[in-house]
Amino acid sequence: MSTPVDGSVPISLVLHTKFCPRRTWLEANGEVTDTYQMQAGHQGHRRVDDPTSSRPHQLRQLAISDPALGIHGRADVAEPESDGSIHVVEYKTAPLRDVVAATPAHKVQLALQTMCLESAGHRVSRATVRFVDSRLSEEVPITDELRAQAVELVDETRQIIASPTAPAPLIDDARCSKCSHMPVCLPDEKQGVPVRRRINAKKPVGSVIHLTEQGSRCSVKTGRLIVKKRGEELGSVPLGRVDGVTVHGNVDVSSAAIRELSWHQKAVVWCSFSGRVYSWTQPASSPNGLSRSRQHELASDDFLSLAKQMIETKISNQRTLLRRNGDCPRPVEDLAILTQQVDAAISRNELFGIEGAAAKAYFSGFTSMLKHGAKNKYQFDFPGREGRGSIDPINVLLNYAYGMLTSECLRALVSIGLDPHIGVLHSSYRNKPALALDLMEEFRPTIADSAIISLLNRREFPLDGFVSNDLGTRLTKDGRRAVIEAVETRLSTEFNHPVYDYKVTWRRAIEVQARQVLALLEGSQERYFGVRVR
Numbered sequence: 001m002s003t004p005v006d007g008s009v010p011i012s013l014v015l016h017t018k019f020c021p022r023r024t025w026l027e028a029n030g031e032v033t034d035t036y037q038m039q040a041g042h043q044g045h046r047r048v049d050d051p052t053s054s055r056p057h058q059l060r061q062l063a064i065s066d067p068a069l070g071i072h073g074r075a076d077v078a079e080p081e082s083d084g085s086i087h088v089v090e091y092k093t094a095p096l097r098d099v100v101a102a103t104p105a106h107k108v109q110l111a112l113q114t115m116c117l118e119s120a121g122h123r124v125s126r127a128t129v130r131f132v133d134s135r136l137s138e139e140v141p142i143t144d145e146l147r148a149q150a151v152e153l154v155d156e157t158r159q160i161i162a163s164p165t166a167p168a169p170l171i172d173d174a175r176c177s178k179c180s181h182m183p184v185c186l187p188d189e190k191q192g193v194p195v196r197r198r199i200n201a202k203k204p205v206g207s208v209i210h211l212t213e214q215g216s217r218c219s220v221k222t223g224r225l226i227v228k229k230r231g232e233e234l235g236s237v238p239l240g241r242v243d244g245v246t247v248h249g250n251v252d253v254s255s256a257a258i259r260e261l262s263w264h265q266k267a268v269v270w271c272s273f274s275g276r277v278y279s280w281t282q283p284a285s286s287p288n289g290l291s292r293s294r295q296h297e298l299a300s301d302d303f304l305s306l307a308k309q310m311i312e313t314k315i316s317n318q319r320t321l322l323r324r325n326g327d328c329p330r331p332v333e334d335l336a337i338l339t340q341q342v343d344a345a346i347s348r349n350e351l352f353g354i355e356g357a358a359a360k361a362y363f364s365g366f367t368s369m370l371k372h373g374a375k376n377k378y379q380f381d382f383p384g385r386e387g388r389g390s391i392d393p394i395n396v397l398l399n400y401a402y403g404m405l406t407s408e409c410l411r412a413l414v415s416i417g418l419d420p421h422i423g424v425l426h427s428s429y430r431n432k433p434a435l436a437l438d439l440m441e442e443f444r445p446t447i448a449d450s451a452i453i454s455l456l457n458r459r460e461f462p463l464d465g466f467v468s469n470d471l472g473t474r475l476t477k478d479g480r481r482a483v484i485e486a487v488e489t490r491l492s493t494e495f496n497h498p499v500y501d502y503k504v505t506w507r508r509a510i511e512v513q514a515r516q517v518l519a520l521l522e523g524s525q526e527r528y529f530g531v532r533v534r
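Taken in order, the sequence shown gives residues 1 to 534; the numbers are from UniProt numbering.
If you're looking for bench data, these hints aren't it; they were derived computationally from the structure. Source: prediction; values computed, not measured. Heads up, none of these hints are tricks.
In silico lysine-lysine, DSS-like type, Cα no more than 27 Å apart, as pairs: (1) K477 - K375; (2) K477 - K371; (3) K477 - K229; (4) K228 - K477; (5) K377 - K360; (6) K360 - K432; (7) K360 - K375.
Let the sequences and hints guide you as you build the complete structure.
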């Protein structure tokens, strides 16, 4: 992560300013990505980034600075020339560019590196960009004009870093399509318009690992997560393919595994046997600190319009799901009326009242979405929606699915640096992750409810999936696995985003919505657009 140190500006941030001021602000606030471009750059720099590989004729990863200008950084390679001068070399990759040539940002970087070396008493004779993928080189003349431009960019970068608000995203700009920060910047999404171009900077797909075998232990060894029970290995997966870990019940996770996952910004979430979230990890190094502070400064009433959008989207999605799959016209009509009432609400309490009425109408027709085959096989009684502590099978299934959805929303919020406890609708006084509960509202029907309905209608839930005793009704190991598989299948399902008009998985959609909340906090977006299915 590139951040200012003691008032000195990293040269890498100045480069981003030349490319896009918003990219500078995102980097300075800790937003990192793992896109194809970033991976290609790291791979291309693998040897250059090792200072121990330096030789007398070639110094690698040389720390440089210019205290007068207030900048610091590293030079990839500094090669001493026969006349005592220095040849500075910067290694680059160009995985998404048709024309391999030094960009204006590359030239500014070499100019600043030259000025740093000169401030240390060295004479720089040449400056070169070498492209590792094509093995081509381009020498860059360090002119007075380029030096002046570089100094101006340093001043501009310092102003961007100091600003509490992110610069506006670029509008319909070709640079966005090849930017590694597209997944976190969301330039088109911030404006609420359909995305008309292909997004190349797509985050590689990993997996959320669910640990369900009671009494097992998860540890890390040689770059892999390994799960064992009584000495027998149950499975392993490379750390690079792990997006997060969810622990269900009595499963041990080693401190080394937690440390390694935290180092890679991957959250571990612990759940009870019933799916209730009770703990999670959060790395000490977290992005978007200013926006997180703004969460605490603003009262919940400041975000009433955001809460309205979340509830309106939820009720609309409940109505759509019931209209598509059920056979209860009256609740569908009631939900349509309640959707229209949301906009007139003037307080959170009034919103909760509308949401409660909508839930009553929706769940009154919930079992009508179950097919005859499912009803005949399971013969579940459904007394209506009940929260934690319920003993009927359908509520137990829903509660577990909602717990998994809470985990996903927590993971999305933690990854972008927001405080899950500071909500806009749910109260923070209840000592629950209020913002995660807010974020999941619009996804309850489309992810959790849909997954459970599909699981039952396909008759894939095992008949021995429950166990009942004096403590109530609980899922068995097989029942728990069936629910996890159903919800994970739904989270991995792609759909056409109704607002931005591109394909996205439901898991990615949760992150997009979380980033919309972040955009409202940082001031780069004026309103929230819910994921409303039709």
